[in-house]
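Since the structure of chain P is already known, use the hints to place chain D on it.
So the protein lines, in turn, are chains P and D.
According to my numbering, the stretch in the first sequence is residues 1 to 504, in order.
According to my numbering, the stretch in the second sequence is residues 1001 to 1354, in order.
Which stretches of chain P does chain D cover? Using the computed rule of at least three CB atoms under 8 Å from a CB of chain D, they are:
| # | segment |
| --- | --- |
| 1 | 309-322 |
| 2 | 328-341 |
| 3 | 345-359 |
In short, the hints are calculated from the structure, not lab data.
Backbone N, C-alpha and C fix where the C-beta goes; we use that ideal spot for every residue, glycine too.
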Amino acid sequence: MLIELRDICKTFGPVRANAGISLAVPPASVLGILGENGAGKSTLMKILSGFQPPDSGSIIIDGEAATIRSPADALARGIGMLHQDPLDFPPLRLIDDLILGSRGPLRPDRKKAAREFRELAVRFDFDLDHEAYVDSLTVGERQQLEILRLLWLGARALILDEPTTGISLPQKQKLFATIRLLADEGMTVLFVSHKLEDVESLCDRAVVLRQGALVGSSEPPFDTKRLVELMFGKEVPQTPRYKIPCGETVLAARGLCLESLRLQIKDLDLEVYAGEVVGLAGMEGSGQAIFLASCAGLERAVAGSVCLDETDMTSRSHHDFKREGVAYLPAARLEEGLVPGLSLEDHFILAEGKRGLFIDRREAEREAVSRIASYNIKGRPDSPVESLSGGNQQRALLALLRDKLSLILVEHPTRGLDIESTIYIWSKLKERCSQGTAIVFISSDLDEILQYSDRVLVFFAGRVSPPLSAEDLGVEELGRLIGGKGWERFEASATAETAEASHV
Amino acid sequence: MSDSRALKPLFQGAAVVLALGLTTLVLLATKAPPLAAYVNIARGAVGTVSVALDVLVAWVPLLLVTSGLLVTFTVGLWNIGIEGQITFGAIFATWALRSFQGGAASGAIDPALAIALSVLAGMAGGALWAMLVGALKTFGGVNEIFGGLGLNYVATALNLWLIFGPWKRPGVASMSGTVPFDKALWLPTINEQSRFAPIAVVLALVAIAVVFALIQGTYFGLRLKAVGKNPKAAYLLGIPTWQYTMASFAICGILAGLAGAVQVTSVYHRLIPSISSGYGYMGLMVSMLVNFSAAVAAPVALFFAALNVGSIQLPITLKLDSSLAGVLQGTLVLFVILAEGARMRFMKKGGRKA
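Looking at chain P on its own, in the form it has when it is part of the complex (with noise of 0.2 Å):
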C-alpha cells in the first residue's frame, strides 16, 4: 500500500501541531519518524489512523484521495495502528480480544477464529494462548496481540507509536523481526520513535518533525550527529549564566528504587545543594516524573531513602514534605496544579492554609490583588483559573507558592508558553534560587535543561546519568544521551568503581 500524505495541517488553539506536511511511504519499507516530545509526530498518526481529521490536506491510499473518519475506517481500508499504550480489553480472552473488532455475523465464529489465531501465531512465533486473559500478558505480548489483531484484521498497512517504550530486550527484538518480515511481505510500516537507535538498525528510511514541520529525511547509513541535529535544532549559544553558590545539601536521595508500570529506576543517588537547579532530562516516561514525585512523597520508592536536610522523609506523604519545605509544580496545570471553576483569589486563600472559620473576602481580595500585581498575571482576583492563558497559569502556579521554601520541584517550567512568560517564571525561579531555594525540574527543551541547570541528570528507560554538569554538556551530546546513545561511558566509570571497590 503506498501512503501518501499531502499538505496536512493541524492546529490545536494557538499551537501548531503539523504544519503543512507531506510524505510518500511506500509498500515494502519501514518508515522512522523521528522528533521530540510535542513536535508533531502523534498527530500526525493520529490522522493518519482516522482519530481526528485533519483542518486541511489530503490522505492519498494507492494514488486514490480517501477520508478517513474513524479508526474503524482506516482499519477498513487496511491501515491499522499499535499505540503506545496497547488499546486492548484486559478483562477479556485473546480470542474475544481478537473477535471484538471485526465485523462478522451475530454469532461469531470462534473456532476459526481460533485456528487462524494460532497460524498467524506461529508464523511470527508468538508464543500465545488465545484462551488466556489479556491482563495475563506483558505489555509485550499485549503489543504482539495487537499486531496478530491487525493483521488478522487485514491491515497492511502499520503504524507503530513508540512501540519499544516498556518492553524486554528478546521482545524487542521479535518485535524488530516481525517488523521486518511483515515489510518485506510488502507491508508498509510507519515507525515512530524518538531512540535513535532502534529507527537506524530498522528504517529504510527516517523523517524528523521539528514543531510540526517536516525538517528533513535521511537514508541508511544514518548520520546519527545529523539526526540528533535535526530533532533538537542547532546548537544555540549559550546565554552567560549567573552562577549561585552552593549552600548544604537541601534533598538527598539514596540507593533509591522506583518502579512504575513500564520501567524501573535501580539505585538513584542524588545530593541537591540549597540554591542549586538541577534539570532532569529524557524523553517523556523516561522515570524523571516518577523520581520528582518521589521527591515530593506523591510515589512510594520500592527501597533506598529520601531525605530532606537530614530527616529521613521515606514513605511520609507529600503533606510531610510540604511542611518541610518542599514544593511541587504539576506540568498538567489545570489538571492537577489548580482547581478549576475557582478564582485566583480562592486559590490564593486555599494555598495560603489560613485556620479560621469565615473568610475575610476585602482581605483576600487585597492580597490577590498584591500578588497578581508582583507576579504579573493577567488577570482579576475573581477571574476562574482555566480563564487564564497557559503562561498566566503557570504565574498563577509560581504565586501560590509559599515565601520560604527549601525545594522547588517542576514538571515542564515553561511547556507551551511564549517567550516572554517564559524568560518570565525563570527569573522568578532564579530569584528563589537566590534566597537558598534548591530547584529541581523536568524538561524536555534541551536548550532549557543547559541554560538553566548547573547540574544535569538524563533518564532513559529507566537508566539515569550521573549528575553532569550542565557547563561541560552540549546539545549535541545530550541530545545522543536523551536517545539511548553514549551510556557506554557511565557503565565503564560504573564497573570500574565496583573494580575498585572490591579491590578495597
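Same frame as chain P, now just chain D:
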C-alpha cells in the same frame, strides 16, 4: 459568552413548558382533564390553611435533606445513601424516646430535654450511617453510590425488624409502626390536630442558612469546593482530602438524621416502616434542579412539597393517582438538566463558529 448566559432563562423557561407539556400528555393519555388536575393540585396545596400547613410539614424534611445533600454535592459526591441516613436518624431518635418514656412519665426527666436529646440522637444516627458510606469509600474503595444504595436496604431491613421484632406493638406487630409515644414527648405543634411544629420549620431554615454560609463564606466550604472540583490539585494545595470527604458525609448525615428525628417526633410520633417517605430521593431531585446551589433551594423545595401535598386529593376528586406529582417533578428535573445540556452544546457550536 455573555450571549449564552442571557439565553439561560430562555432554556429554563422552555424546560418548564416542556415538563408541563409532557405531564399534560400523560394526563390526556389517561383521559383525565389536565386543567382540572392542575387546579386540583393548586387547591390541594394552598386552598385552606390546614393544607398550606401540611405543605410546610412536608417542606421541613425535604429542605433538611436538600441542605445536607448540597454539602456532599459540593465535595463531588452522590450521596444516594441519604434515604438510609434518614431512616437511621429516625431509628436512633425512636430508641432515645423509648428509653426516656418512663423517665418523662414519672417526672424524672424534663420532656423538653428528652425531646432535644432524642433529636440529637437522631442526628448522631444519621451521621453514623453516612460516615459508614464515607469509610467504605475512603478505605474500602467502594463507590459512594453503591455503598449508599446497599446501606439503604440494610437500614430499611433493620427498621422493619425493629418494628416487627423488639419494638412491636403489644399483642400483634403491625405495618402501622410502633406504639405512639406519650403526648409529652411530641414536638410541640400549633394545635392538637395539626402536625405543624414551628420549631421544625425554624430548624430547617437554620440548616439551609448554615449550609449556605458554610459553602459561601468559610474556609471549610472553599476547601470542600476545591476537593469536589479537583481532588488532585486540592491535595497538592495542602488540603487533607479524605478528611474533608468524611466531614461532608458527617454533615449530610447529621441533617438527614435530623429529618428522620423530626418525622418521628413531630409527624408520626412513632417509627413506621416507610419513615423516610422518599424525601431523600426527592432531595436529590431538588439539588439537581437548583444546580447544587443553596441560594434557591428553599423555595424550590417548598414548590416540590406543595406538589406532593397538593396531589393527595387527586384520587378522591379526579380518580387519579397521587403519583402525578412525581411525574411532574421528575419531568421537570429531566427537562431542566436536558435544557442545560442543550445550552452547552449550543454554546460550543456558537464558539466554534466564532
